[in-house]
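Undergrad: Sequence:
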Amino acid sequence: MHRLTHIGARSKSTLADKLRNAVGGADYGKSKQAMVSGSLAAKDENGEDFRELYVMPKRKLRGQTQLEQATGRAEIKTRSRFDLMDRLAERPPRSEEMDPEKQKWTDIWPAARTFSASVVPLPVRMGSRPNVEKRAPFKKEGNLELVKIPNFLHLTPVAIQQHCEAIKKFCTPFPPELLSDASLTPSVLPISVQYSTYIHQGTNIRDIRSRVITMIVDVASLKLSENALEKLVRLAGKRYNQETGKLTIITDRCHTRKQNQDYAHYLLTVLYHEANKQEAWAELKERSDNLRVEFDGSTTKSKLEDLIEKAKSAGLKTDEKALAEFGEMWKTYRNTEETAEKTREYGRQMKKMLGI
Numbered sequence: 001m002h003r004l005t006h007i008g009a010r011s012k013s014t015l016a017d018k019l020r021n022a023v024g025g026a027d028y029g030k031s032k033q034a035m036v037s038g039s040l041a042a043k044d045e046n047g048e049d050f051r052e053l054y055v056m057p058k059r060k061l062r063g064q065t066q067l068e069q070a071t072g073r074a075e076i077k078t079r080s081r082f083d084l085m086d087r088l089a090e091r092p093p094r095s096e097e098m099d100p101e102k103q104k105w106t107d108i109w110p111a112a113r114t115f116s117a118s119v120v121p122l123p124v125r126m127g128s129r130p131n132v133e134k135r136a137p138f139k140k141e142g143n144l145e146l147v148k149i150p151n152f153l154h155l156t157p158v159a160i161q162q163h164c165e166a167i168k169k170f171c172t173p174f175p176p177e178l179l180s181d182a183s184l185t186p187s188v189l190p191i192s193v194q195y196s197t198y199i200h201q202g203t204n205i206r207d208i209r210s211r212v213i214t215m216i217v218d219v220a221s222l223k224l225s226e227n228a229l230e231k232l233v234r235l236a237g238k239r240y241n242q243e244t245g246k247l248t249i250i251t252d253r254c255h256t257r258k259q260n261q262d263y264a265h266y267l268l269t270v271l272y273h274e275a276n277k278q279e280a281w282a283e284l285k286e287r288s289d290n291l292r293v294e295f296d297g298s299t300t301k302s303k304l305e306d307l308i309e310k311a312k313s314a315g316l317k318t319d320e321k322a323l324a325e326f327g328e329m330w331k332t333y334r335n336t337e338e339t340a341e342k343t344r345e346y347g348r349q350m351k352k353m354l355g356i
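Residue numbers (full-length UniProt numbering): 1 to 356.
Since the hints were derived computationally from the structure, they do not count as laboratory data.
Please note: incorrect hints may appear among the correct ones.
What the hints assert, rightly or not - With a cut-off of at most 30 Å between alpha-carbon atoms, the simulated DSS-like pairs for lysine-lysine come out as follows:
no., residue 1, residue 2
1, K321, K331
2, K342, K238
3, K140, K168
4, K351, K301
5, K60, K77
6, K303, K246
7, K168, K102
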């Protein structure tokens with residue numbers, strides 16, 4: 001009995017009437033106006049007017065829509081699934097529409113950008129398969145491997161030529177004096193300065209590597225004395241190349257290229273004046289303090305001279321020029337890395353000097 005009363009109370013509620021009216025198509029706006037005007041009054045259990053707080057949405061609820069579709073009072077709209085081929089059917093890709101004979105590639109791809117399969121008219125494939133002979137790699141459409149890697153499609157020969165023509169007005173002509181005079185070629189000049197300029201796409205237009213300066217100096221052009229040359233070699237250390245006679249100074253501690261270039265000239269000036277400076281303690285240097293072993297004054301030369309004098313006194317024929325040639329060979333043998341060829345040459349000069 002209690003359950004039936006409860007059901008009857010729910011069927012008499014105003015909310016149930018509103019749902020029935022909404023499903024049945026009744027105009028809820030007119031009923032609400034009648035309720036406000038007083039023709040329809042709602043009372044609670046204490047006899048007071050029921051102050052309604054019910055917000056009607058502007059759109060139909062999901063349950064209301066399902067009821068209308070189930071009873072046939074609403075049409076069911078079917079949506080087609082997103083299909084890439086359907087979109088391509090509306091308009092073909094740009095790569096198929098462009099004419100290679102008339103289209104300028106620099107207008108399509110003027111700068112560096114990510115690979116786009118619909119723009120690039122090339123049958124590019126990328127990827128890996130177990131059997132490449134049976135199945136070719138993946139096509140360019142939807143290929144993420146082509147998107148990952150950087151491409152250089154903006155650096156075509158025509159694009160590079162256009163860039164060169166644009167920056168040509170900022171370049172200076174090559175000095176004609178260097179072409180006419182062979183003594184002024186870069187390979188003959190005593191000092192050469194090298195640096196690099198980097199152009200890249202990033203958040204900063206400056207590259208830290210562009211400030212590095214490399215100065216190559218021909219030490220022979222400095223016209224140093226023997227003692228000054230030895231002192232400069234000691235001060236330079238590994239920066240001096242014994243084989244080529246070049247001094248290489250690399251500066252990168254300053255913030256700008258101009259500062260590093262001035263610093264390199266400063267280091268060269270200091271090395272030159274320090275090498276020519278004569279100190280009192282330099283007079284105490286002995287023969288064993290030299291960087292290179294000299295043939296003059298060595299025990300080998302004194303012994304060979306004694307041997308030649310004894311050969312002359314015995315009436316044997318000797319060659320004095322052979323001693324000078326042997327001295328040059330001995331100096332090279334002692335001051336450079338030992339090889340099999342130098343050892344054989346050392347033996348030949350010894351036999352030639354002894355007349356064997």
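Undergrad: Confirm or reject each hint.
TA: Do the hints match the structure? See the list:
For the given pair, K321 sits about 16 Å from K331 by alpha-carbon distance, which is consistent with the 30 Å threshold. At most 30 Å may separate the alpha-carbon atoms for a hinted pair to count; K342 and K238 meet this at roughly 24 Å. A C-alpha spacing of about 37 Å is found between K140 and K168, which places the hinted pair above 30 Å, so the restraint is violated. Of the supplied pair hints, the one linking K351 and K301 holds, its CA atoms being roughly 15 Å apart against a limit of 30 Å.
For the hint linking K60 to K77, the alpha-carbon distance of about 15 Å falls within 30 Å, and the restraint holds. About 36 Å separates the Cα atoms of K303 and K246, which puts this hinted pair outside 30 Å; it is violated. A hinted pair counts as satisfied when its Cα atoms are at most 30 Å apart, and K168 with K102 qualifies at roughly 27 Å.
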